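Going line by line, the protein sequences match chains A and B.
FYI, my numbering numbers position 9 of the first sequence as 9, with every residue one higher than the one before it.
FYI, my numbering numbers position 157 of the second sequence as 157, with every residue one higher than the one before it.
Calculated from the structure, these hints are not laboratory results.
These numbers come from a predicted model, not from an experiment.
No residue lacks a Cβ here, since even glycine has one placed at the ideal position from N, Cα and C.
Treat the hints loosely; a few may be bogus.
[To be verified] List of simulated lysine to aspartate or glutamate pairs, EDC-like, C-alpha gap at most 16 Å:
hint: 1; chain 1: A; residue 1: K315; chain 2: A; residue 2: D22
hint: 2; chain 1: A; residue 1: K24; chain 2: A; residue 2: E57
hint: 3; chain 1: A; residue 1: K315; chain 2: A; residue 2: D101
hint: 4; chain 1: A; residue 1: K212; chain 2: A; residue 2: D229
hint: 5; chain 1: A; residue 1: K375; chain 2: A; residue 2: D419
hint: 6; chain 1: A; residue 1: K238; chain 2: B; residue 2: D165
hint: 7; chain 1: A; residue 1: K375; chain 2: B; residue 2: E53
hint: 8; chain 1: A; residue 1: K232; chain 2: B; residue 2: D165
hint: 9; chain 1: A; residue 1: K238; chain 2: B; residue 2: E53
hint: 10; chain 1: A; residue 1: K232; chain 2: A; residue 2: D166
hint: 11; chain 1: A; residue 1: K354; chain 2: A; residue 2: E343
hint: 12; chain 1: A; residue 1: K169; chain 2: A; residue 2: D229
[Stated by the list, open to error] Which stretches of chain B does chain A cover? Using the computed rule of at least three CB atoms under 8 Å from a CB of chain A, they are:
hint: 13; region: 36 to 48
hint: 14; region: 245 to 256
hint: 15; region: 261 to 272
Residue strings, one per chain:
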Amino acid sequence: MRKVVLTGLLSLSIVSGAVLADTKLKLVEVITSPDRTAVLRQQVATFEANNPGVSVEITSLPWGQAFEKLATMVQSGQTPDVVEMPDSWQGLYASNNMLVDLEANIATTGLEAKLTDKTLAMARATDGKANMIPYGFYLRAMFWNKKIFARAGLTEAPKTMQEFVDYSKKISALDGGVSGYCLRGGVGGTNGWMMFMAAMRGSSEFFDAQGKSQLDDPDSIKGAQMLVDMYKNGYAPKDSVNWGFNEIVSGFYSGKCAMLDQDPDALISISKSMDSADFAVAPMPVGPSGKAYPTIGYTGWSIFKQSKHQDSSWKLISHLTSPEQNIQWAKKIGVLPIYKGAEKNAFFSTEQYKGWFEELNSPNYIPLTMPTHLKGWGYFGSVLAKDRSQEALLGMISAEEMAQDWAAYLSKEQRTWLDAQ
Amino acid sequence: MNTLAVPIKSQQRINLQRLLEPYLYLSPALIIIALIIITPTIVGFSYAFQSIELLNPFNGGWVGLAHFKAMFSDRYFFSALGNTLDWTLISLFFQFSLGLGLALLLNRNFFGRKLVQALVFLPWAVPTFLSGLTWAWLFNPIIGILPHWMSNLGMISEPYNILSDPQLALYGPIVANVWFGIPFFAITLLAALQSVPSDLYEAAALDGATPWQVFVKITLPFLAPMIAITVMLRTIWIANFADLIIVMTSGGPANSTQTLPSYIFTTAYRRLDFGYASAMAVMLLILLLLYTAILLKMRSKLAQA
Numbered sequence: 001m002r003k004v005v006l007t008g009l010l011s012l013s014i015v016s017g018a019v020l021a022d023t024k025l026k027l028v029e030v031i032t033s034p035d036r037t038a039v040l041r042q043q044v045a046t047f048e049a050n051n052p053g054v055s056v057e058i059t060s061l062p063w064g065q066a067f068e069k070l071a072t073m074v075q076s077g078q079t080p081d082v083v084e085m086p087d088s089w090q091g092l093y094a095s096n097n098m099l100v101d102l103e104a105n106i107a108t109t110g111l112e113a114k115l116t117d118k119t120l121a122m123a124r125a126t127d128g129k130a131n132m133i134p135y136g137f138y139l140r141a142m143f144w145n146k147k148i149f150a151r152a153g154l155t156e157a158p159k160t161m162q163e164f165v166d167y168s169k170k171i172s173a174l175d176g177g178v179s180g181y182c183l184r185g186g187v188g189g190t191n192g193w194m195m196f197m198a199a200m201r202g203s204s205e206f207f208d209a210q211g212k213s214q215l216d217d218p219d220s221i222k223g224a225q226m227l228v229d230m231y232k233n234g235y236a237p238k239d240s241v242n243w244g245f246n247e248i249v250s251g252f253y254s255g256k257c258a259m260l261d262q263d264p265d266a267l268i269s270i271s272k273s274m275d276s277a278d279f280a281v282a283p284m285p286v287g288p289s290g291k292a293y294p295t296i297g298y299t300g301w302s303i304f305k306q307s308k309h310q311d312s313s314w315k316l317i318s319h320l321t322s323p324e325q326n327i328q329w330a331k332k333i334g335v336l337p338i339y340k341g342a343e344k345n346a347f348f349s350t351e352q353y354k355g356w357f358e359e360l361n362s363p364n365y366i367p368l369t370m371p372t373h374l375k376g377w378g379y380f381g382s383v384l385a386k387d388r389s390q391e392a393l394l395g396m397i398s399a400e401e402m403a404q405d406w407a408a409y410l411s412k413e414q415r416t417w418l419d420a421q
Numbered sequence: 001m002n003t004l005a006v007p008i009k010s011q012q013r014i015n016l017q018r019l020l021e022p023y024l025y026l027s028p029a030l031i032i033i034a035l036i037i038i039t040p041t042i043v044g045f046s047y048a049f050q051s052i053e054l055l056n057p058f059n060g061g062w063v064g065l066a067h068f069k070a071m072f073s074d075r076y077f078f079s080a081l082g083n084t085l086d087w088t089l090i091s092l093f094f095q096f097s098l099g100l101g102l103a104l105l106l107n108r109n110f111f112g113r114k115l116v117q118a119l120v121f122l123p124w125a126v127p128t129f130l131s132g133l134t135w136a137w138l139f140n141p142i143i144g145i146l147p148h149w150m151s152n153l154g155m156i157s158e159p160y161n162i163l164s165d166p167q168l169a170l171y172g173p174i175v176a177n178v179w180f181g182i183p184f185f186a187i188t189l190l191a192a193l194q195s196v197p198s199d200l201y202e203a204a205a206l207d208g209a210t211p212w213q214v215f216v217k218i219t220l221p222f223l224a225p226m227i228a229i230t231v232m233l234r235t236i237w238i239a240n241f242a243d244l245i246i247v248m249t250s251g252g253p254a255n256s257t258q259t260l261p262s263y264i265f266t267t268a269y270r271r272l273d274f275g276y277a278s279a280m281a282v283m284l285l286i287l288l289l290l291y292t293a294i295l296l297k298m299r300s301k302l303a304q305a
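Please model the entire structure based on the sequences and the hints provided.
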């Protein structure tokens, strides 16, 4: 009896396989969290329902070990078809010529006209040819506490660096231990320093053609000096010299400091603790050049050249990044959507998202990408940037010495990199 | 009859075999010790004389004493050395004196003593990572209560986080360490106290000795050997103990709470420079060996006196 059933099942599966040309796609996600995986599974399920015969197998790698694990998979020939590609790995896989060129797909589907300019620029960031479709952005913008601003007689967020300093001064003069700026002096503060230094310098370039770092440029030093002075004058909380992500975010929603530069994912925890009428998000203040350089991060979907199912893989990617799915994805995981006009969506048209969309759509906001191609960048960010900036904030060294120290290290790293090219 | 004619040479061989025999039986243990303790130590020592930077994997090789020379011109090394001294001595002093006090209290008879004893030893059982995080939160003025108490008591001007003040930051991990280490002294000294013969106390009571005299003339001499050994062990442990500092301040702000072990950790796992980190570890080992030698010498002198 069992044999009969088995044979029946077997023949059935062969028949159905032959009819539907069963395709099995392997998708690897690398920034894994339970909530995210749930959203992804649900979106993939819709795709499978719309495309009979195609099934998707999702592999979820925890972010901490994702880089090594994916590299091992690729080296051992278990290359996935579709992979979640963070900006910091894009260069590596693209320069090894492992990613499918998606230009033809973008042209035939008319995506070119629908995606925002910055999305297309990021898709083509490595060599001018799109090798990924970004699914969203992390972009720095300025959260400001409306209640505290009103107490200081202010009605809107600072537009320029000068206003930023002046407003911080006014707010810090209020009683109750309030300070102007939620400074991130501890772990992860590197982006803030780079952003303020770039805004005063008026350029997003980290190096000149010879590989010399621009951080010890006199205008860059002005940006660093500005932050140091703000701390010394008490426009940022005394503790903030040691603040990391949790402290700046809790400092902001507890009303200890009135301005915070952060990415959209901070909005999730801030919205839980603050009434949405009490705060808004504005673009980063611009420097003397009229431009600001908010740091940007993005992640997207790529197809590996080794994939045997490139057409189905493209279908899967275009499903995941379709306007409807993308908006839902962006809402759930706290990134900015990739389509033009997404700011008109009811969810994104609030005051909380206004600042980010202004940055995305205006030429005055030039995204700043960190030089993550340098081998020593990890050490620079976690040790050198933190230690020197804390010493500068505490007055042990000058802002100029800090900038020169940073520039010397980064110039050396960049030249090593240039030599290796 | 033949045995009488055994030549001297084979007699020697038998002697040698007798001598070696115990080592044969010990060999599994000896091999394990060699593999687990001696080999890594030698490898670690050898790292101190090589350039091993994970960021520059192809620039390796022997560098002689270069790391040790670099150490003597490294201002962070000396500030870490000074911090190690502060961290160890202050923590040890409070752990010991409070631990001794606690042991004396627990040595009395009172209702619920067993329960109190069990509770007192609790900090020792809490994972250091967890206690470090909890203390870090307690010192945070937004969530924690300590800064507000300290400012109400006038210890600090306003409720701020002492962990971000380079002058005071080291006291944060020290407080956590004292809290964590008291039970160790309390446990060991209580055990020693309970072995003091009670007839001595009865005799002292009959002779009309004051409590202070009883403490100095009976309790302390009986505790002395235990005190000497626990203080020595504990000094080495505290000097080598970096968990609380890594969790609470990770050496910051601006390296002001870096002790040698935490600086070694940072050098090895943030700067990925294992050569220099090993050289500093060798230096720390030498300093601790020196300290132990001096303490043992003092102890034998005291025992003779």
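Quiz item: Among all the numbered hints in the text so far, which are the ones the structure does not match?
Solution: Of the numbered hints given earlier, those the structure breaks are 4, 9 and 13, listed in rising order.
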